[in-house]
Amino acid sequence: DAKTTQPPSMDCAEGRAANLPCNHSTISGNEYVYWYRQIHSQGPQYIIHGLKNNETNEMASLIITEDRKSSTLILPHATLRDTAVYYCIVRVLTSGSRLTFGEGTQLTVNP
Amino acid sequence: DTAVSQTPKYLVTQMGNDKSIKCEQNLGHDTMYWYKQDSKKFLKIMFSYNNKELIINETVPNRFSPKSPDKAHLNLHINSLELGDSAVYFCASSWDSGNTIYFGEGSWLTVV
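As they're listed, the protein sequences go chains A and B.
Heads up: the first sequence begins at 2 in the working numbering, then just goes up one per residue.
Heads up: the second sequence begins at 422 in the working numbering, then just goes up one per residue.
Some hints could be false.
So the derived label-pair ranges between C-beta atoms look like this [unchecked claim]:
no., chain 1, residue 1, chain 2, residue 2, range
1, A, 109, B, 460, 19 to 27 Å
2, A, 42, B, 473, 42 to 50 Å
3, A, 18, B, 476, 34 to 42 Å
4, A, 52, B, 491, 43 to 51 Å
5, B, 439, A, 40, 25 to 33 Å
List of simulated lysine to aspartate or glutamate pairs, DMTMM-like, C-alpha gap at most 25 Å [as the list claims (entries may be wrong)]:
no., chain 1, residue 1, chain 2, residue 2
6, B, 465, B, 517
7, B, 457, B, 503
8, B, 440, B, 474
9, B, 430, B, 451
10, B, 457, B, 445
11, B, 488, B, 451
12, B, 457, A, 83
13, B, 461, B, 491
14, B, 465, A, 104
15, B, 461, B, 517
16, B, 465, A, 32
17, B, 430, A, 104
18, B, 462, A, 83
19, B, 430, A, 83
20, B, 461, A, 67
21, A, 53, B, 517
22, B, 462, A, 67
23, B, 465, B, 451
24, B, 461, A, 12
25, A, 4, B, 517
26, B, 443, B, 503
27, A, 4, A, 15
28, A, 4, B, 479
29, B, 461, B, 479
30, B, 462, B, 491
31, B, 457, B, 517
32, B, 457, A, 104
33, B, 465, A, 67
34, B, 461, A, 83
35, B, 462, A, 104
36, A, 4, B, 459
Just so you know, these hints were derived from the structure itself, not from any lab.
Ideal Cβ placement from N, Cα and C applies to all residues, glycine included.
Chain B extracted, bound-state conformation (with noise of 0.2 Å):
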């Protein structure tokens, strides 16, 4: 029963291109959050919600954009996918957003 669930586990696209990475979690947090681990393995975070409220935006392009309906549900949706966007994408939850976070699996987008 994962806690964390991301899908597509896998997506490959077309530059150009607008995909979305769906996040749910069903630990009953209030904080999502999007984390990003490039070709060199770094994970930064993006963004994070807490309460459906944006409260973490780092400089991202606006292409990226999230979207929280409910506070299980975190959404990343990009438009016009470029090949530096490929990459890992990594949703995580935690009780309030100073507490112990915890990931998902993952999600791989490769644009080509």
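The following block holds chain A by itself, in its conformation from the complex (with noise of 0.2 Å):
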């Protein structure tokens, strides 16, 4: 799977928007990125993925550039409980892939 780089940390203001930036310029065109999220002392809890197109669900946006090299993980409208760790993963969907975590970005949502 290919490697990802994000930054250690973000900090952004109660109600906006979060906007967590990962690069993945090694990404092959089967693999998949993927958006998980690790509250303090919780289960990682996953978010959004997506190939190609943007993404949206009821939790964030997704917004892949054109060659695929980075994408952004978008939190419209953060709240405290918001602060996580945010993990950006690349992977292919196929039978014994796997879930490989890097050190994501912590994000602090202040009030």
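Using the hints, put the two standalone chains together into the complex.
And the structure:
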């Protein structure tokens, strides 16, 4: 699976959009971009994933650049409960594939 | 109604003991996993079972033995516990190993 690079930490004001970047310049054509988050003392929580088109669900939006070498997770109206470590992961969706977690980005939402 | 549940949530035990962590999922998934998160917060896969068959077995001491009695359960047995086994262990599941993986809330193991 391709390696990802994320900033170690970010801050965001409550109510504002949080934009979390991720670089995956060596991504392969069949690798998906996945985002998970881990709130303190909880299990990792699935947020969203995509291949090349932008995706949106009730939690977030995922914007993937046309060359697929980077992506941005957008939390449109961040709340204090969104404070967590956010992981960007690329993986193929084949039998035996795995989620390989990096260090992620610690997002702190401030009041 | 918890989708992936683990017991116990907290476990404190002495070195040398043998302990088990149980995991159950009610999502109808056919693939289950064990991940370990150490003190440095890195999450690493340990094992994966698909339809009760072992498909991923990372470099884990053979003191760790997963057991899957059926598709909905994957238990983790640890023999001769060591201080370095102290960590948070997460169970997870997915529909086939190539799909979105959902995690439990973790089991905090402390070896003293």
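Restraint status (C-alpha distance of residue 461(B) to residue 517(B) at most 25 Å): Outside the cut-off at roughly 30 Å; violated.
Restraint status (C-alpha distance of residue 465(B) to residue 67(A) at most 25 Å): Since the Cα atoms of residue 465(B) and residue 67(A) sit roughly 31 Å apart, the hinted pair is violated (cutoff 25 Å).
Straight-line alpha-carbon gap residue 488(B) to residue 451(B), limit 25 Å: Between residue 488(B) and residue 451(B) the Cα gap is close to 14 Å, so the pair holds against 25 Å.
Pair hint residue 53(A) and residue 517(B), alpha-carbon separation not exceeding 25 Å: Roughly 22 Å separates the two Cα atoms, so the pair holds.
Residue 42(A) paired with residue 473(B), Cβ distance criterion 42 to 50 Å: Given range 42 to 50 Å: violated, Cβ gap about 31 Å.
25 Å limit on alpha-carbon distance, applied to hinted pair residue 461(B) and residue 83(A): Cα-Cα ~21 Å, so holds.
Restraint check for residue 457(B) with residue 83(A), where alpha carbons must lie at most 25 Å apart: holds (23 Å)
25 Å limit on alpha-carbon distance, applied to hinted pair residue 462(B) and residue 67(A): Violated. Residue 462(B) to residue 67(A) sits at ~32 Å, over the 25 Å cutoff.
Residue 440(B) paired with residue 474(B) [C-alpha distance capped at 25 Å]: Roughly 22 Å separates the two Cα atoms, so the pair holds.
Pairwise hint evaluation, residue 83(A) against residue 462(B), where the allowed Cα distance is 25 Å at most: holds (18 Å)
Proposed proximity, residue 517(B) with residue 465(B) (alpha carbon, max 25 Å): holds (19 Å)
Agreement of residue 461(B) and residue 67(A) with the hint, judged by alpha carbon distance not exceeding 25 Å: violated (35 Å)
Taken one by one, the earlier hints fail for this structure at numbers 2, 4, 13, 15, 20, 22, 27, 30 and 33, listed in ascending order.
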